[in-house]
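Please put together the full structure from these sequences, using the hints given.
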Amino acid sequence: MFDKILVANRGEIALRVIRAAREMGIVTVAIHSTADADAMHVRMADESVCIGPPPGTDSYLSIPSIIAACEVTGAQAIHPGYGFLSENASFVQIVEDHGITFIGPTAAHIRILGDKITAKETMRDLGVPCVPGSDGGVPDLAAARALCDEIGFPVIVKATAGGGGRGMKVARSAAELETSFRPARSEAKAAFGNDEVYIEKYLGTPRHIEIQVFGDGKGRAVHLGERDCSLQRRHQKVFEEAPGPVISATEREEIGKICADAVARINYAGAGTVEFLYENGAFYFIEMNTRLQVEHPVTEAIFGVDLVREQIRVAAGLPMAFEQETLKINGHAIEVRINAERLPDFAPRPGRITQFHAPGGLGVRMDSALYDGYMIPPYYDSLIAKLIVHGRDRPEALARLRRALAELIIDGTETTIPLFHALLDEPDIAQGEYTIHWLETWLEEALGEGHRDT
Amino acid sequence: MADDTPNKTHADDVAFIRALAELLNENDLTELEVKRDYGAEDALNVRVSRKQKIVTSAVMPAHAAVPAPVPTPAAAPAAPSQSAQTEISEDPANLPGAVTSPMVGTVYLQADPGAPAFVSIGDKVSEGDTLLIIEAMKTMNHIPAPRGGTIKRILIEDGAAVEYGAPLMILE
Chain A
1 MFDKILVANR GEIALRVIRA AREMGIVTVA IHSTADADAM HVRMADESVC
51 IGPPPGTDSY LSIPSIIAAC EVTGAQAIHP GYGFLSENAS FVQIVEDHGI
101 TFIGPTAAHI RILGDKITAK ETMRDLGVPC VPGSDGGVPD LAAARALCDE
151 IGFPVIVKAT AGGGGRGMKV ARSAAELETS FRPARSEAKA AFGNDEVYIE
201 KYLGTPRHIE IQVFGDGKGR AVHLGERDCS LQRRHQKVFE EAPGPVISAT
251 EREEIGKICA DAVARINYAG AGTVEFLYEN GAFYFIEMNT RLQVEHPVTE
301 AIFGVDLVRE QIRVAAGLPM AFEQETLKIN GHAIEVRINA ERLPDFAPRP
351 GRITQFHAPG GLGVRMDSAL YDGYMIPPYY DSLIAKLIVH GRDRPEALAR
401 LRRALAELII DGTETTIPLF HALLDEPDIA QGEYTIHWLE TWLEEALGEG
451 HRDT
Chain B
455 MADDTPNKTH ADDVAFIRAL AELLNENDLT ELEVKRDYGA EDALNVRVSR
505 KQKIVTSAVM PAHAAVPAPV PTPAAAPAAP SQSAQTEISE DPANLPGAVT
555 SPMVGTVYLQ ADPGAPAFVS IGDKVSEGDT LLIIEAMKTM NHIPAPRGGT
605 IKRILIEDGA AVEYGAPLMI LE
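Chains as they are written, first to last, in my numbering: chain A, 1 to 454; chain B, 455 to 626.
Treat each hint with caution, since some may be false.
What the hints assert, rightly or not - Between beta-carbon pairs, the in silico distance windows are:
id, chain 1, residue 1, chain 2, residue 2, range
1, B, Gly602, A, Gly317, 53 to 59 Å
2, A, Gly317, B, Asp566, 34 to 40 Å
3, B, Asp612, A, Thr57, 29 to 35 Å
4, A, Arg265, B, Pro600, 53 to 59 Å
5, B, Thr593, A, Arg233, 40 to 46 Å
6, B, Phe470, A, Asp38, 45 to 51 Å
7, A, Glu414, B, Pro600, 37 to 43 Å
8, A, Asp345, B, Thr584, 47 to 53 Å
9, A, Glu96, B, Pro600, 33 to 39 Å
10, B, Pro600, A, Gly373, 30 to 36 Å
11, B, Thr584, A, Ala108, 38 to 44 Å
Note that these hints are calculated values from the structure, not bench results. The structure displayed is predicted, hence computed values, not measured ones. All C-beta atoms in this analysis are idealised placements derived from N, C-alpha and C, irrespective of residue type, glycine included.
Quick look at the structure:
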């Protein structure tokens, strides 16, 4: 086991890693920018190194500084947290080349699974269901018709050279395909100088369901069920729960096994998440995250495991502390992400915290780097706290969330706490009936004029 | 010092050391080493250095820190060392002449072990002259003088670990 690890991150996730390491008797090294000299992760770590000025590119993303910090402190391993360098294959390669252990998958795995196209090819080859489509350009209407007969409507016609939502047309029937295929091509030509289009099955009202996997790097892997993270605003998750309100035990077992087997076959090491869109009982792979996720605590709550501890163990060459047979779901967990943002426009609100009071009691977990008098710097992510509740079932978890939110006090800046109070009053949330579009639609209606794109 | 050193010589030695300490203070030096050979078996070796509490706390925040070697305090007599210490009260990083570290790494004051130091206290340097080396990721980074001036103080020891922003030298 390692004697000393360096945590290459900040905020609540740095604390999360420091806590796990401390329980394991491992000395921790925090890195920080000049803006974070008084940050909680610096205070909580055994040692700290200032690695650069405030901008992330000069500090938390500065690979030479982080390697040098390992060298001067003698840290044997690096935990990357999430974000920053956690999915940067060249960083992992440099870490490995310096004889330091990266707590996470290999550079090769990150490279393969981090690229959307190679990830999709790899996952499909490993038996993971993907969004059916043309896998390349569709030359003419006849070919388009033949494909749609096979995959079924609705479909979406996309420009191969397009991106960012431009050059896309949805066709809900054969008739619509007739009228939209040629315009899609000419629009693609006009917009991107290339008239090639491809066709995919269109998912109108999917949920975002992700499967937590964990591998030992030696051909063994397990799954830890799913998380439903459908409640998103601009592709940012705000509310996550496990187990998913609409996923049956049979579905969980099937898709979980597919994912676990897939990562086992490539000798994947550590925590990973296989993300899917889910509609009408079918899973469609979107991407894989080769790291610990922000919302990992809901999985920890219902399985009673410490995923960071497992990451460190596996990185040190030890076996996983659990097997598929011993992993049993206990109850229901929900996480809400509290951001220093002003409603209704979600504008970031850095500033000094005058009072912070974390909720407590049975089944409540608060992962946050806040403290009284803390100055939220303007340079980084606006996530300031994660409130996680665990109950025997979903209604109990919802009631506990309502109770805990009422206890929570964060004064001195504006936060997204009122959003969660409002969401808990919504029947759809109470019943777990939402898709990936639900939150944006609701915000549009509930917040109306004030909720505009910035 | 030999055991049979007469009392008179001992008193002389104390006076000598005291004078050295005063010299250290007057000239704003951090360290001074003198060797006197009285005879084959009889030598006096004195190293007077100024205790630099503030440097330590600047390089290493009080709560948690890089295990940088603490600048060796006083192989010097207690009394003069104390009087030297009282003079420094401000954080060297905030002094107008402070040269701070542009990166995390290990400091080397000379190009190779055994080679002469790039600069010594009292040296005049021009802008761009190498002051020291910081090793990071097995790369030796020459740290140039940001401006011309005189080296007033050297705040770090050879082989010390430094953070970004740590004060290295006072150049005025």
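Cross-check of the supplied hints:
1. Restraint check, Gly602 of chain B to Gly317 of chain A: a C-beta distance of roughly 54 Å satisfies the suggested window 53 to 59 Å.
2. Our hint of 34 to 40 Å for Gly317 of chain A and Asp566 of chain B holds, since their Cβ atoms are close to 38 Å apart.
3. A hinted range of 29 to 35 Å for the beta carbons of Asp612 of chain B and Thr57 of chain A is consistent with their spacing of about 31 Å.
4. Restraint check, Arg265 of chain A to Pro600 of chain B: a C-beta distance of roughly 56 Å satisfies the suggested window 53 to 59 Å.
5. Remark: the range hint 40 to 46 Å for Thr593 of chain B to Arg233 of chain A is upheld by a beta-carbon distance near 43 Å.
6. Here the CB-CB span from Phe470 of chain B to Asp38 of chain A is close to 47 Å, well matched to the stated 45 to 51 Å.
7. The hint said 37 to 43 Å for the Cβ distance between Glu414 of chain A and Pro600 of chain B, and at roughly 41 Å that hint holds.
8. For Asp345 of chain A and Thr584 of chain B, the hinted distance range of 47 to 53 Å is satisfied, since their beta carbons lie about 52 Å from each other.
9. Our hint of 33 to 39 Å for Glu96 of chain A and Pro600 of chain B holds, since their Cβ atoms are close to 36 Å apart.
10. In this structure, Pro600 of chain B and Gly373 of chain A meet the distance hint of 30 to 36 Å, their C-beta atoms being roughly 35 Å apart.
11. A hinted range of 38 to 44 Å for the beta carbons of Thr584 of chain B and Ala108 of chain A is consistent with their spacing of about 40 Å.
The structure shown violates none of the earlier numbered hints.
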